[in-house]
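Chemist: Top line first, the protein sequences correspond to chains L and X. Each step along the first sequence adds one to the number in our numbering, with nothing skipped, and position 242 is 242. Each step along the second sequence adds one to the number in our numbering, with nothing skipped, and position 449 is 1449.
Treat the hints as calculated values from the structure; they're not laboratory data. Where is the CB? At the ideal position from N, CA and C, for every residue including glycine. Errors might be hidden in some of the hints.
Unchecked claim - Residues of chain L clear of chain X, computed beta-carbon distances all greater than 12 Å: (1) Thr61; (2) Lys64; (3) Ala87; (4) Pro135; (5) Leu136; (6) Asp137; (7) Asp164; (8) Val170; (9) Arg178; (10) Asp195; (11) Ala297; (12) Thr321; (13) Val339; (14) Gln347.
Stated by the list, open to error - Heads up, incomplete: computed chain X residues facing chain L, CB under 8 Å, no partners named: (15) Leu1207; (16) Val1424; (17) Gly1429.
Said to hold, decoys possible - Partial list, computed: chain X residues near chain L (C-beta under 10 Å): (18) Gly1210; (19) Ala1366; (20) Lys1389; (21) Val1425.
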Amino acid sequence: MSRKIGRRDVLLYASALGALGLGASAAVACRRDGVDPPDRGKILADLSTVVIVPAYGEASTDAKALEAATVALRDAPSAESLGAARAAWRKARASWKVTDAFLFGPADDLALTGGVIDTAADIAKVEVLAGATTPLDAQQIARLGANQRGFGGLEVLLFDPAADDAQQIVRFQAEGGRRGVLASLVAEDLRGKVDAVLGAWASPPSSYGDELARAGRGSALYSSERQGVDAVVNALINAAEVLIAVRLAKPLGLDKSPSVAAPELVESPRSDASVDDLLAVLDGIEMVYLGRRGDAAGLPLADAVAERSPRADTRLRSDLTAARDAVRAIPAPLRTAVVESREPVIQAHAAVREVKRCLATEVAGALGTSVGFNVTDGD
Amino acid sequence: MAAAAPSSSPPLEGAAAWATRLEARALAPVDAASLGAFRFLLGALVVAAVVRHWAKGGIHDAFVVPTHFFAYEGLELVRPLPGEGMYVVYAALALAAASLALGFFSRTSAAIACALFTYAHACDKSNYLNHYYLVSLLLGLAAVLPLGRALALDRRSASRTDGEASVPAWVLWLVRFQIGLVYFYGGVGKLETDWLLHAMPLRIWLLANGDFPLLGPVLRWPEAAYAMSWLGAAFDLSVAFLLGARRTRLAAYACVVSFHVVTARLFQIGMFPWVMIALTLVFFDPSWPRRFLPARLVGPRVAPAPRAAPSSRWPLALALGWALVHVLVPLRSHLYPGDVLWTEDGYRFSWRVMLIEKAGSAELTATDPATGASREVRARAFLTPFQVKMMSTQPDMIRAFARMIADDAVRRGEPRPRVTADVVVALNGRSPARLVDPTVDLAAEPARFGGTPWVLPSPR
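All chains should be modelled from the sequences, with the hints used to inform the complete structure.
Modeler: Below is the structure:
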């Protein structure tokens, strides 16, 4: 008897639930006006194909150009070839710094960014290497510490605020052109690393870009769209956080009590590209947020934010503009500004902090990428 | 007065008779088979959780990478073992849990597993999870309750069993109560405005689930969030009772399975759904495992005649005390002023789940009280990204972090600084609001269990 009743109850419950579900769906469907929230899967796919992969592509192209320029400098040191190599370095550097805004995935997993591509250089070590007599080859460069190669190492070789161009050219001509050989080998190594990141993002069949684009739709890395969006937003927050705490607060000495400027801690100190570096990262953040790179545009993350919180979208856009304006207002170079013109740098610091705050609170809150149910109630 | 005596006597007698009947029912033997299955599943799930945590690098991330830990108040001495020590702890935990699953020295195994599991999760507040707390409690119960009388290797030793696979009914009731309480208080927590009137934070979370098979597009509609909020609250509030009633049990369990499978897919909440799906089987008839397993494995059926009442009522009294404590502990937040979703005073250990979507940004400043010179403190210099996220929205962790900063300065030979925090938090989709008073020296503030004066009013 009880078994019969149990089955009947099950049928009853199933029917009730089914009816409830159908009713709710019908009611909901009738109420819709045909405007659905932005498809986050498409946002991620567009982000990968419109912004991230092309940005790494450009970084790779520029790294190749830099390698070629250092080879030309090695073969024929002159004011022109040195200028061309420096220009190539600046261009490649700016292209790469944009990618700081999406520092997740291969660049992080392969430990290339912090490890090889973008580490502050140890000037003394690089100069010792340039002045040594040991043979130079690609294998030896690959074994060097991260603070002797990458953009930092190459910057030491190409730029020296304490020497004029003529003195610099002499260095490239001396000792059988060893400095030029070293520069070209470091550039080759750098290009290889950038290519490795690009390859990981773009090479089929299981590229990282494809994994991100298929988040929640068969991706082996991101089992849900939410995880993909989390990765993107957390990378944006981290990029802004690094700008505030490392690129600005440390040179300003805001992390010390009493505050004493530490100009030696600015990024790209010898090329005086520090302000350009800051702007490139802010550009990268904006590219990701707006899903736009040059003339190409995809479905932006901004739409998903605006759908939930128009206020957050408006605020981030204005904060980004304000931050860029504040950074542009820094009288370059940054290494002197942190000592002699601190106020504009402090204002830039405050402006970038607003970007980070907005990302970490309003944007993350609107997208549901903050610490929520997934962390506090599950594992 | 003489006439009043007979009229007051019947209710007292009635109550006494009811209590006697209840006691008799509580002490009556029931088949231990379902509790044997419960014990097996509990142990097996802990083993699975350990393997999963280990394989995903969770032990490394939680204990090896961090340099600072957020201790629970009063448990400041509880720290992770250095080096690879926590791997040893987890390995021992897996062994103890496996032993519990097999019913080999069940109580001892459960006690060891409980101690190790609780220790591991008491090292850092950042890692608090409701279901970890539940697992600790259930392992604790397994350490004192006779769960090794069925489906257990313990049965093979005549010296450790009376040969009958039965337990007093109150043992089964207590386990069911502990699990049912999670759902019930989970439902009680949802009876508030954000959940019911604004469908928050589900509206935010469901928007992120457009990839859900078939239903993805629908889940992104606000109406879906409202429907799921109300259905979720109704489910939580009622499911323990529906599981307890024979007529509705099967249907209720089907709802449990459906609910947890859906939430597992929606929210990536790890082991929690599977823990609940497995452990709620204990609400079924005490003999249910006998339908699927041979008697030699389960143990002899319970004798039909009730046993004589045991000489001591202490176990039953302790069980009632345990139940009372666990009814009261989740209610403690009501003793504190302020909005619990904002202050989080009494939020932990109260089975509030899915109620908060907080996104925060915390900037702390250390100031030399003598010179007034201040410096910004980068949280990442002390904490992992995960710890930073957790700290940035929880007042007690912000205070603890302020003390870490002050202690660190003292360790480096500097004067103990004042540490203030500028923390903005967005709660359930609202505009960000300042969480703590930015003028207060948090490093000098004592730990409080509620009514924290430096937490600013909730934006709700």
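Chemist: Under 10 Å, Cβ to Cβ, is where lysine 1389/X needs to be relative to chain L, so tell me if that hint holds or is violated.
Modeler: 5 Å, holds
Chemist: Looking at aspartate 195/L again, its CB stays over 12 Å from all of chain X?
Modeler: The claim stands: aspartate 195/L keeps its Cβ more than 12 Å from every Cβ of chain X (closest is about 28 Å).
Chemist: Against chain X, does threonine 321/L keep a CB gap of more than 12 Å to every residue?
Modeler: 19 Å, holds
Chemist: Can we trust that leucine 136/L is non-interface, i.e. its beta-carbon lies farther than 12 Å from all of chain X?
Modeler: 37 Å, holds
Chemist: Just double-check glutamine 347/L for me: nearest Cβ-Cβ distance to chain X has to come out over 12 Å.
Modeler: Glutamine 347/L is indeed farther than 12 Å from all Cβ atoms of chain X, at 15 Å.
Chemist: Run the C-beta distances from aspartate 137/L to all of chain X and say if the shortest one exceeds 12 Å.
Modeler: Consistent with the label, aspartate 137/L stays out of reach of chain X, its closest Cβ about 37 Å off (over 12 Å).
Chemist: Tell me if the interface restraint on alanine 1366/X is satisfied: Cβ within less than 10 Å of some Cβ in chain L.
Modeler: OK, holds: alanine 1366/X within 10 Å of chain L, min 7 Å.
Chemist: Report holds or violated for the interface hint on leucine 1207/X, using the least CB-CB distance to chain L and a cut-off of 8 Å.
Modeler: 6 Å, holds
Chemist: Confirm or reject: threonine 61/L is not an interface residue toward chain X, with every Cβ-Cβ distance exceeding 12 Å.
Modeler: About 32 Å separates threonine 61/L from the closest Cβ of chain X, which puts it past 12 Å; holds.
Chemist: Please verify that the nearest CB of chain X lies beyond 12 Å from valine 339/L's CB.
Modeler: 18 Å, holds
Chemist: Going by Cβ atoms only, is valine 1425/X closer than 10 Å to chain L?
Modeler: Holds, about 7 Å.
Chemist: Checking a non-interface call: every C-beta of chain X should be farther than 12 Å from the C-beta of valine 170/L. Is that right?
Modeler: Valine 170/L is indeed farther than 12 Å from all Cβ atoms of chain X, at 42 Å.
Of the hints listed earlier, there is not a single one the structure fails to meet.
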